[in-house]
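Under full-length UniProt numbering, the sequence shown has 125 at position 125, and the numbering climbs by one with no breaks.
Hints may be right or wrong, so weigh each one.
Stated by the list, open to error - Label-pair ranges, simulated between beta-carbon atoms:
#1 112 to 14: 28 to 34 Å
#2 7 to 86: 44 to 50 Å
#3 90 to 140: 33 to 39 Å
#4 102 to 3: 48 to 54 Å
#5 92 to 51: 20 to 26 Å
#6 52 to 132: 34 to 40 Å
#7 92 to 13: 44 to 50 Å
#8 89 to 5: 50 to 56 Å
#9 118 to 90: 37 to 43 Å
#10 19 to 112: 18 to 24 Å
#11 88 to 49: 15 to 21 Å
#12 6 to 109: 43 to 49 Å
FYI, nobody ran anything at the bench for these hints, they're computed from the structure. Beta carbons are placed, not taken as given, at the ideal position from N, Cα and C, and that holds for glycine.
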Amino acid sequence: MVNENVKMETMLDDLLIYFPIFYQKVRTSKDFKEKQTSAAYYQIMGLLMDLGSLPISVIGDYLYISRPNMTSHIDKLVLDGMVERKGDEKDRRITLISITPEGRDFMKKARVKVEENMLNNLSSLSDAEMEELFTAVKTIKKLLFKIKDVKNE
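Using the sequences and the hints, build the whole thing.
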């Protein structure tokens, strides 16, 4: 059992340490200097592109961002013209967040830059290493979707 605990601790350390490093290696901050952005900036807009208009609380739940932090992120995105707030037609108490055409355009351009950066950064890997990375990422994605969403209270 001790061996399993050590294995689990090592895996968690690796996930917490190396996934942010991976993100930094493909991020486009230099390419979009006029819009200095955080990871949440991209994640919020990506989620809205995939799922459509959502309430702030739902976006926060998906991304594990607290309500106060979500409000400041959304305020910045609105100020930059990337998203807009709209009232829900069914329930006036709910404010939906929608990506704007400018936000969609920004995300499409950012995606191209991310792909360029990623290809450049991964060019030092051999074909076998690229295949290994592809398989590993595919496996991680599959397993992440199997993990139950348990709220820590």
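Verification of the supplied hints:
no. : hint                  : in the structure
1   : 112 to 14: 28 to 34 Å : holds, 30 Å
2   : 7 to 86: 44 to 50 Å   : holds, 47 Å
3   : 90 to 140: 33 to 39 Å : holds, 37 Å
4   : 102 to 3: 48 to 54 Å  : holds, 53 Å
5   : 92 to 51: 20 to 26 Å  : holds, 21 Å
6   : 52 to 132: 34 to 40 Å : holds, 36 Å
7   : 92 to 13: 44 to 50 Å  : holds, 47 Å
8   : 89 to 5: 50 to 56 Å   : holds, 51 Å
9   : 118 to 90: 37 to 43 Å : holds, 40 Å
10  : 19 to 112: 18 to 24 Å : holds, 22 Å
11  : 88 to 49: 15 to 21 Å  : holds, 19 Å
12  : 6 to 109: 43 to 49 Å  : holds, 44 Å
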